[in-house]
Amino acid sequence: MNIFVCVKQVPDTETKVVPNGDGTFIETNAIKWIMNPYDEFAVEQALLVKASNAGSTVTVVRVGAVHDTEALRTALAMGADDAILVEGDDSLDSYMTAKALKGAIEKSGKSPDLIFSGKQAIDSDCLQVPQLLAQMLNLPSVSVVVGYEGDSSKITLKREIEGGALEVYDCSTPAVIACNKGINTPRYASLPGIMKAKKKPLAQHSLADVGVSTDDRRVVYSEFHLPPEKPAGKKFDAMDEANQANIVKEVVGLLRTEAKVI
Amino acid sequence: MDFSYNTEQQEIREQTLKFARNEMLPNASKFDQSGEMPLEILKNAWELGFVNTCIPQEYGGVGFTAGDTVSITEGLAYGCMGMNTILMANDLALLPIVIGGTEEQKKKFLTPFTEDYKIASFCLTEPGNGSDAAGIKTTIKEDGDSYIINGDKMWITNAGHADLFVVYGTFDPNLKHKGISAIVVEAGTEGIEVGAPEKKMGHRCSDTRGMRFNNVRVPKENMLGKPGDGWTIAMKTLDHSRPMVAASALGGAQCAYDHAVKYSKERTQFGKPISNFQAIQFMIANMAMKIEASRLLISKAAWMLDNGISNTKVASYAKAFAADSCMEITTDAVQIFGGYGYSTEYPVEKLMRDAKLIQIYEGTSQIQRMVIAKEIFSRH
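These protein sequence lines are chains A and B, in that order.
Residues 1 to 262 in my numbering are what the first sequence lists, from first letter to last.
Residues 263 to 642 in my numbering are what the second sequence lists, from first letter to last.
Be a bit skeptical, because a hint or two may be false.
Unchecked claim - The calculated lysine-lysine pairs, modelled on DSBU-like cross-linking and capped at a C-alpha distance of 30 Å, are:
| # | chain 1 | residue 1 | chain 2 | residue 2 |
| --- | --- | --- | --- | --- |
| 1 | B | Lys280 | A | Lys16 |
| 2 | B | Lys370 | B | Lys380 |
| 3 | A | Lys235 | B | Lys534 |
As the list claims (entries may be wrong) - Label pairs and their computed distance ranges (CB to CB):
| # | chain 1 | residue 1 | chain 2 | residue 2 | range |
| --- | --- | --- | --- | --- | --- |
| 4 | A | Gln204 | B | Met551 | 36 to 42 Å |
| 5 | B | Asn548 | A | Ile161 | 51 to 57 Å |
| 6 | B | Ala396 | A | Ala30 | 50 to 56 Å |
| 7 | B | Glu460 | A | Asp89 | 56 to 62 Å |
| 8 | B | Tyr604 | A | Lys32 | 30 to 36 Å |
| 9 | B | Gly533 | A | Ala30 | 54 to 60 Å |
| 10 | B | Lys498 | A | Leu127 | 54 to 60 Å |
| 11 | B | Thr327 | A | Thr13 | 26 to 32 Å |
| 12 | A | Gln204 | B | Arg283 | 30 to 36 Å |
| 13 | A | Ala30 | B | Pro389 | 51 to 57 Å |
| 14 | A | Lys181 | B | Gly397 | 57 to 63 Å |
| 15 | B | Arg641 | A | Lys32 | 38 to 44 Å |
Said to hold, decoys possible - Residues of chain A clear of chain B, computed beta-carbon distances all greater than 10 Å:
| # | residue |
| --- | --- |
| 16 | Glu70 |
| 17 | Glu229 |
| 18 | Ala238 |
Derived by calculation from the structure, the hints in this document are not laboratory data.
Being a predicted model, the structure only gives us computed values, none of them experimental.
We treat Cβ as the ideally placed atom computed from N, Cα and C, and that holds for glycine.
If we strip away everything but chain A, and leave its shape as in the complex, we get:
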């Protein structure tokens, strides 16, 4: 089986995000990059499927800026066989990203049997790329997947819906499967795995190589700014027995007119 995994490299969860100087994007200079945590579930699921299907390969694909190849290196160290990097900037929209992923998968010459990804990236939180990619490749797609069973021809997927209930899908392959937390426990990259990863092939393409141009942009960021600082909270003295009736009146009034929650 040819298994593909789409990964995104995102700022570490502890990053203090600030807009860049001209407000066109976030400041990316001092960021520590990690693999999008949801994509770790995708890599793990791909490796599990590979392990139960002899002769399978796992190819990991990423679109983004080159400043650091952390996400791809981690995936290779976890056990993926090869990697493809499409060099673009970090502010691509979902459509361009999906189109670049499609181009990269096609350019690999391997016809995909399964494509895994995380359900969303934790930086832009768009939740669009897996569905767009499936549409472009004319494949079925299921997102928020928390259970995977199957062989090479048919798979059964469990998907989380509102209220914690599960939907169960029988899905034909090839398919695009977007993973959620709970589907598996991602393995650590072992140290021998890290040493082996440096010998694994990493193909590099430009956006043009995979058929993406600036005309493909659907979403333009108009501005990045920090949310306004919250004003300090108001304090009321509940122990002030003489004034309790007035205080209650005031609080209820404020909840109604200012906070607008009742």
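Fit chain B to the given chain A structure using the hints.
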């Protein structure tokens, strides 16, 4: 000059720290309190390649540099200095085999450690001989095609669980360091008596015991080098192990620092976070300086090893500086936490207890200064 880590080094650091944060740190307090060896975590660490980093590729190891090794140790000690001691003791015991062993000895004794999680002990210290290691009293006598070992050992890490012991003894105590020899003793050999676990202030999950070798008969081919080579082998071992021990102090210090920075931003007094007060800021700034300086010294000691440059003096700089810094940093971390820092409900008092041992084992901070002074005055 280049202070950056390459891609693999970066990845090694990150994966080790991730393991330490997710698997070791959340369990550190539990095993500190119970005093049990966390065998499942240790085995997990072995499976991921964090253990026995000194074993060369020819014998099934990964082939790490000294630079990689100190990064791994720093990461593991971040998770728990005690658990790291258990793991690091393997390297301390296996290094004499890597350094002084023949091809057959390396194959026979090192390879099993790459095939399964096994535990080793380095047996040098005795009840009456710690800093004065050359004064050891354990005797080795020739008897046909065997050697017979007799004597007491003290503070032996992993003794109750070890599959293999590297034992230092002497053919004649009057020869001092010239009589010292190192022999590999496999667990189960008749005459090995292991004492009860010591009750310790810190590193409580590591198993530390006294041992007695009572007419322990070992085949002659288990001797590392020639009779009398033991001292040289031990000293070369320390050149490798001291940067590792320094790195373990650094890992503990970094952990205390991270806790202190986080807590000082959350804790409010006089209406603002205590990180706004200069008294706290200066403590944090001092911690950061000491951590950076420790890391640079350790990196240099490891870099010298990797480049075949004698590192004895710098390894001692690193060990003494990092251990003393770790003690100061963990003490200040407790201070920043105030009353909460003194409680076992919070993580920093354990770090302070653990730090103390690193100033003591593998050559006390005072012995390191003796080594440094000897290097200075013997050359100038």
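Please flag the earlier hints that this structure goes against, numbers listed from lowest up.
-> 9, 16
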